[in-house]
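Both chains are given apart, each in its own frame, so use the hints to dock them into the complex.
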Amino acid sequence: MLKNELQSILSGKQLLPDELSFPPSDLLNYEEVTYKEGITFKNKKPICNRCGNSDPVWFAKFPCARCRNTEVYCRKCIMMGRISECTQLVGWSGPPPEIQLPDKILEWNGTLSKGQSAASIRVAEAIRKNKELLVWAVCGAGKTEILFPGIEAALAKKKRVCIATPRTDVVLELVPRLKSAFPNIPIAALYGGSEDRHVYAPLTISTTHQLLRFYNAFDTLILDEVDAFPYTVEESLKYAAVQARKPESAIIYLTATPSTKWQRECRSGKRDFVTIPARFHRHPLPVPLFEWCGNWKKLLTKGKMPAPVCKWVQQRLGVNKQSLIFFPNIKIMEKALPILRQIDSKVESVHAEDPDRKEKVQKMRDNLILILLTTTILERGVTFPNIDVAVIGAEEDTFTESALVQIAGRAGRSPKFPTGDVTFFHYGKTEAMLKARKQIVAMNREAVKKGLVDP
Amino acid sequence: MNLFRADRCLLCHEIINLPVGWVSLFSPEKEKLLCSDCEGKLQPILGETCRLCCRILNEFRREDLCIDCVRWEEDPEWQGVLERNISLYVYNDFLKEVIARFKYRGDYVIAKAFANPIKEKLIGDVFIPIPLSEERLFERGFNQSEALLSGAGIPATLGILTRVHTEKQSKKTRNERIHLPQVFQITEDTKIYGKKVVLIDDIYTTGSTLRHAAKLLKEAGAKSVESFTLARG
Ligand SMILES: [Zn+2]
Ligand SMILES: [Zn+2]
Ligand SMILES: [Zn+2]
Ligand SMILES: [Zn+2]
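Going down the list, the sequences are from chains W and G.
According to my numbering, the first sequence holds residues 3 to 457 in order.
According to my numbering, the second sequence holds residues 309 to 541 in order.
Check the hints yourself; a few may be wrong.
[To be verified] Computed list of chain W residues with no C-beta within reach of chain G, every gap over 10 Å:
#, residue
1, Ile-334
2, Arg-367
3, Pro-417
4, Asp-456
[To be verified] Computed far set for chain W versus chain G, every beta-carbon distance over 12 Å:
#, residue
5, Asp-274
6, His-285
7, Val-450
[Said to hold, decoys possible] Restricting the straight-line Cα-Cα distance to at most 30 Å, the calculated cross-link-like pairs of lysine-lysine (DSS-like) are:
#, chain 1, residue 1, chain 2, residue 2
8, G, Lys-420, W, Lys-333
9, W, Lys-333, G, Lys-340
10, W, Lys-313, W, Lys-418
11, W, Lys-333, G, Lys-349
12, W, Lys-38, W, Lys-161
13, G, Lys-349, W, Lys-365
14, G, Lys-349, W, Lys-299
15, W, Lys-431, W, Lys-304
No wet-lab data here; the hints were simulated from the structure.
Where is the CB? At the ideal position from N, CA and C, for every residue including glycine.
One chain only, chain G, in its complex shape (with noise of 0.2 Å):
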């Protein structure tokens, strides 16, 4: 380890000058990535969330659920699927442009920006990153999830849970998209039985994805399902 070593910001490439002190001596694995200015513009999600899919809750709630998780536990078909879901920041217009250079630029290293919080915050047995079609994959290069939990040291529990094809799922209405045939299917079920699987992506928008990918783990043996994103939209 060098003591005067200047790193620079992994988003915007700016000088950090590291303060040496015994913080940083003894703990070597806490190095700075990010310059405080782009550190502050990252917006953990505080205040009062949806027990459920970790949203800022608004009037649109039912007591400690919002209101899309309500309609999802009202379906006994979707009730209790997923356990729940943890965040880590607002999708704000930073973070956006940040996941935009990260997964559709490609900038893989950026994941090792995220690795502190999501090492402190990501528990379970299994951790999933949920997979991307082969179209996708060779689009990008990599996968951003698995990206996520490689930067963090973890290690991803591959070639459980895979892609059966793609559809574009935004242009989809609400109704048409929990109705989805099954975008995934399970290919191998051993290490997952009895087991608390965490699946990992990088934003939670409608938690639909997560759900029909939730569904088929719990059918296949699963303890529990939980869901891990860097955003939340």
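Just chain W, with the same shape it has in the complex (with noise of 0.2 Å):
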């Protein structure tokens, strides 16, 4: 093995001696090589050194056949490898490998709308200066393409940039965008089972999950839908992300939900952001509507859908209107498809363990299924142009406020149909639901105010 590849394989991360695409001898014989304990001890609570877990309900044991000993091993990152107390990180002290860059980096043509270019400017300093910024960009703003000069201008300083995202289809989409835009830099893709994972390069497209490969590593950390995990995978990855930034580094946190804690921060002042308050196409996000519904899960056991239900349905279907329709779990989907198909026999549904899920999605897109009923799995990333919006039990505890902003912004999408019905059925009226509402009306508002939707 050749200095520099070593160098290259093993700058900026801390991986498993078992990653290792070579025998871990040949790490012998260079002295930049590093060294962590995976698992360590503080009053004799074991933390886990690659996701930061210290929760004891996390961390097990087992009989180690390689060290002979009953060690710990950490329950809660083991999909990317186990660690145990006889686990090494191995990591590189010495120079990251020189990148060598084009003439020309940036090779992007389009335009930004007002609200981008501003957010765009923002996002530009914060990665000059290494500040933390959070952009908060409604659902269908365009937040790809406002990283752009940002990103150039890091690559021209020779800072490595990463943009983390929580799903590999995000990062699949996004790849060959980022490809096309910068098409002499060389770019890795990252997410399980990737053919990158040991490939360094100036710009890195990850899942949230593989950054708990990196430490030290990126000068430009940008990250996608931080409102995306779950509270307890939310902690681990935010450890995740301290560990693969450098020290002195930017990170620009992008979303379209910010969790209550933060839109607090951003009102006191204590959190620089910068909001996109309207999509680029000009027209304002549309708002939902609350519709009570009655009792509708005793209704469901008695085989029966809530009247105002059945007559939404049957608009839509009168029209043939694209709908999405969103339940708070499968059991509830599942009892309620039967009788939604009594309406019309084609209805359809979707869930996350779904085995048929990508092809359903694609036979939504293309406009082959009028009416797909579905669980939160389909609240973002997925758009379809010209759909209305159904929510059965808006008040349910799956429909958090982000959820229902998120659910609210698959309507209205696209240029040619920028409006779209957006239906809250429930039970009794939730604080999630009423910020929901409110936030939406809020960026409306701003979006009015600040000429970036056509009156």
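Structure representation (structure tokens):
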């Protein structure tokens, strides 16, 4: 193994010896190779040094055949390979590989909307000054393009940039867009099972989970959809982000729906942020309507659907308008499916563990499905150009403020069809529902004030 | 014992709320390790199964044997070598994922999730986990079959059956598998003489590995050899 190969594999990383594609004995010849204990103890309590887990319920013991001890291992990050007491995380203390820059870094000729370009300037500034910035952009604002000038400035300074996003499909969607914007910059795409896992690149597009494999790597870290994870997962990903960025670095958070805590911090001036309150197509966001539908759960167990919901569905069928109907969970959705199929036999459903998920989403895209029932899996990312959206049981706990904003954000996405109906059917309004509507209304108002929507 | 503890499901980590009643007060060994959702996804092997290998019988059968077992039993070399196989669950997508996490990701503690059914169904004199090769053992850090036994608190008998060399099983044809050179060897036989031996493995797929081991154990004096696996592939 040559030194420069090792340098590019290990720079900015913390890897398990098992992850290496060569025998660990190759490491012995280089004093730049660093080792860090995988698990350490503080007051006799274990801490995982890869994911930061220190909660005892996430640790277990096993009799290790390697060191012949019964030892603690971390269950929280086990999907990235097991870390136990005898595991060393391998890194690199030498300089990183030299980056060769092309003459022209950014080759993108698109234009930014007024709202986008204001945000773009703030992003570039935060990147230049190694600051922290939250970009609060409504669903459909176009948040990828606003990063381009900032990324260009960073790369020009030989800074290493990473965009991390929760889902693999988003990584796969972002990579070609960034490759065409930065055609002469090597880009590494990282997700579970990706081939680029040992590639050193000035620009990395990664799932948030893969950040666990990095250490002191990035001068600019862009975290997409920071609000997408449940709290316990979020904690370890926050830790991963801190580990992955350099101490002196910029961090840009992208979200359409910041948590209540972050919103408060924004309002009180504790958190630097910029909003993009309007969509690229200059039309306001559809504001959700609340419609009381009685004790829908009770009706469902009797094999019935609340009348307002039936009416809503029939109206959509009558004018052939594609619609997404969100349910709190799979069980409830499965009860509703046969009932709605009595209205129209072509009603379909999809959920996270559905083996035909991809095909069904594609059929919806191809306009072969008119009414699609779904759980919250389709709340993010997936866009259909011209749809109406309904939520059944909007008062349920699964429908948080951010989930509801995301769901409402599915409608009116395309410039050709910039409007759409969003109805939250409920059996009692919740704070989450009210906050979600308030957030949408506030964004629309701000957009008008800043002249970002057409009257 | 804490009466009001909230345990977490070993597989999905959701909180399991234990109903505290007489049962949990008097039989603490029956503590719940899986939530009802995960438990529901494990599919016990029900219905008419092959007398020998525990496979759910379909049209490819002869009386109470599946066609694979018929072929093994017709071969004088293999006839009666394996007394029978008991498997706990159907190897469905859920169990596939669970076993992958347990064995390949190395989440050892998952073995505990199966302690109760193993304790209930495993009967014999001597319990021998199918050994791994040195390389595999190093790679995984533990032997999954041994882990299953130890999770159930059943002592494993080690050092009798060992591996001579490794070869990838799955890429071979059935014929090649049957005529595979012996991958095991007996290093000590005093503990198995005249005993009812049970071999432990995570999955019964072709039954070939288990039969090779069983053959040696019988030749070394075991009264009978059965196998016991978590999943029936
Ligand atoms: Zn060890
Ligand atoms: Zn960990
Ligand atoms: Zn569970
Ligand atoms: Zn059989």
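Now for the hints, and whether the structure bears them out:
1. Ile-334: holds (15 Å)
2. Arg-367: holds (26 Å)
3. Pro-417: holds (41 Å)
4. Asp-456: holds (48 Å)
5. Asp-274: At about 35 Å from chain G, W:Asp-274 clears the 12 Å cut-off, so the statement holds.
6. His-285: Consistent with the label, W:His-285 stays out of reach of chain G, its closest Cβ about 42 Å off (over 12 Å).
7. Val-450: holds (45 Å)
8. G:Lys-420 / W:Lys-333: Since the Cα atoms of G:Lys-420 and W:Lys-333 sit roughly 29 Å apart, the hinted pair holds (cutoff 30 Å).
9. W:Lys-333 / G:Lys-340: Roughly 24 Å separates the two Cα atoms, so the pair holds.
10. W:Lys-313 / W:Lys-418: At roughly 26 Å apart (the allowed maximum being 30 Å), W:Lys-418 and W:Lys-313 satisfy the hint.
11. W:Lys-333 / G:Lys-349: Satisfied, since the Cα-Cα distance of roughly 14 Å is no more than 30 Å.
12. W:Lys-38 / W:Lys-161: holds (25 Å)
13. G:Lys-349 / W:Lys-365: holds (29 Å)
14. G:Lys-349 / W:Lys-299: Holds, at roughly 25 Å.
15. W:Lys-431 / W:Lys-304: holds (23 Å)
This entry satisfies every hint, going by the numbered hints stated previously.
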